[in-house]
Amino acid sequence: MLKPKYYKDNFRLAYPIILSSLGMSVVQFFDTLMVGQLGKVPLAGVAFSAAITTIALVFGQGIGMALTPLVGQSYARKETKRISLLFQNAISLNLFTGAFIVAVLLLFVPLMPYLGQPDEVIEAARNYFIVTAISLFPAQLFLAFRHFMEGVGNTKATMVIIISSNALNILLNYLLIFGAWGFPCLGVLGAGVATLIARTLMPLAYLVYLLWHKHYRKYFKFFSQENLSLHTHKIIIRLGLPIAVQLALECISFSMVTIMMGWYSTVALAAYQIVLTFVTLTFQVACGIASATTILVSHAFGRRDKTEVSCYSMSGLHLSFLSMGTSALCFILFGRQITSLFSADIDVIVQGAMLFVVAGAFQLFDGAQSTLLGALRGINDVTKPMKYSFLSYILFAIPVAYCLGFVVGFGPCGILSGEALGLMLAAILYYRRLRKSTSAMQL
86 MLKPKYYKDN
96 FRLAYPIILS
106 SLGMSVVQFF
116 DTLMVGQLGK
126 VPLAGVAFSA
136 AITTIALVFG
146 QGIGMALTPL
156 VGQSYARKET
166 KRISLLFQNA
176 ISLNLFTGAF
186 IVAVLLLFVP
196 LMPYLGQPDE
206 VIEAARNYFI
216 VTAISLFPAQ
226 LFLAFRHFME
236 GVGNTKATMV
246 IIISSNALNI
256 LLNYLLIFGA
266 WGFPCLGVLG
276 AGVATLIART
286 LMPLAYLVYL
296 LWHKHYRKYF
306 KFFSQENLSL
316 HTHKIIIRLG
326 LPIAVQLALE
336 CISFSMVTIM
346 MGWYSTVALA
356 AYQIVLTFVT
366 LTFQVACGIA
376 SATTILVSHA
386 FGRRDKTEVS
396 CYSMSGLHLS
406 FLSMGTSALC
416 FILFGRQITS
426 LFSADIDVIV
436 QGAMLFVVAG
446 AFQLFDGAQS
456 TLLGALRGIN
466 DVTKPMKYSF
476 LSYILFAIPV
486 AYCLGFVVGF
496 GPCGILSGEA
506 LGLMLAAILY
516 YRRLRKSTSA
526 MQL
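Just so we're on the same page, this note's numbering is the position in the sequence shown counted from 1, plus 85.
Treat the hints as calculated values from the structure; they're not laboratory data. Among these hints, one or two may not hold up.
DSS-like cross-link-like pairs, simulated, lysine-lysine; straight-line CA separation at most 25 Å [unchecked claim]:
id: 1; residue 1: Lys90; residue 2: Lys163
id: 2; residue 1: Lys521; residue 2: Lys391
id: 3; residue 1: Lys299; residue 2: Lys472
If you're wondering where the values come from, they're calculated on a predicted model, not measured in any experiment.
Can you build the whole structure from these sequences, using the hints too?
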């Protein structure tokens with residue numbers, strides 16, 4: 086039986102990350118709520134745009150996430166100069182990654198009409214997509230600061246910055262979408278502009294905090310031109326790229342579900358956007374637990390403590406089951422009521438209620454796969470999980486979703502059920518990998 090200490094340590098680190106991540110999802114929540122007041126076509130446009138930009142966002146997050154276990158292992162060994170070296174090179178790498186992501190997304194704009202979506206949805210999405218794509222550059226820089234701080238065990242600074250910026254984002258949403266208080270009425274575009282402003286301020290706020298705080302200012306003292314090295318960039322990329330690909334594969338799978346919903350009908354796409362908003366919201370709790378698990382496992386791995394690697398992994402999994410089980414019950418019992426908050430269209434409400442039942446069914450698997458991946462990242466085991474993601478989300482989930490939705494004729498619920506089965510397969514494979522890796526660990 087695990088000691089209470091392992092659960093307390095995880096929760097102590099997890100709750101600021103959870104609040105930070107929930108804060109980001111709350112912005113999506115209000116985007117959906119406010120844009121939903123404009124009608125189902127603007128709402129579908131935001132859903133379509135988010136399906137694409139989210140892939141790029143999570144890819145960039147994956148590159149940034151490599152810094153947490155690398156810094157965490159060095160922090161456990163009190164290697165200050167090594168931490169500084171990793172931090173400086175991560176900033177450089179994230180700036181390049183952010184510029185690359187924005188360029189690719191902007192080149193994608195002319196291709197949007199060829200993805201089988203209704204013309205009015207493409208028109209509603211285009212400008213919002215462009216502005217949101219540009220906002221990913223400052224977001225990528227912010228991730229370098231965030232994952233450095235998580236590596237040294239500080240998760241509260243990120244929480245304060247994200248919650249503050251998100252409060253600003255929500256206020257700007259109201260002002261710019263509806264043209265309140267004399268601001269221009271930009272509609273859907275206003276939500277994108279609000280996001281760009283908030284994401285630009287986040288890394289600036291973090292930089293000021295790090296330079297002001299004497300405990301973290303010391304890491305900048307070791308910054309130098311000589312420290313920028315291709316070798317260190319390769320170390321981060323070697324760990325970060327498989328994480329980025331794994332996250333992108335999962336996101337691609339969910340995005341294909343979004344696109345297939347659009348193939349089915351605008352009503353299905355609008356309803357799914359509401360469901361996805363809440364699925365993303367509850368998933369942030371699992372992500373917070375997973376991130377805390379990565380930090381704790383990486384520290385234990387740095388101390389060469391095999392027992393604690395296993396204990397922190399399992400305590401994180403147990404906490405994930407508890408949180409996601411609760412959200413599953415809420416989705417199944419109150420799906421119709423939740424949907425009706427976002428749309429007055431009776432067809433959207435009925436469709437959303439059915440999709441919430443399916444979403445509730447896969448909550449446990451979604452949380453488990455995230456937390457298990459967090460533990461694997463803590464011990465630098467990322468290549469095999471990436472391959473499992475390709476198998477689960479691309480080779481399995483997408484074809485099954487299409488078959489259940491269109492061939493068998495189960496419609497939108499069939500499409501989402503295919504994704505649920507992919508999450509279940511991924512969780513099983515990750516669990517087997519974690520058991521094998523910890524059993525074979527030589528510390």
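Taking only the CA atoms, is the gap from lysine 521 to lysine 391 under or equal to 25 Å? 13 Å, holds
Given the hint that lysine 90 pairs with lysine 163, test it: the Cα-Cα distance must not exceed 25 Å. Measuring from Cα to Cα gives roughly 23 Å; hence the hint holds.
Does lysine 472 lie within 25 Å of lysine 299 when you go C-alpha to C-alpha? Violated. Lysine 299 to lysine 472 sits at ~42 Å, over the 25 Å cutoff.
When each numbered hint is compared with the structure, a violation occurs for hint 3 only.
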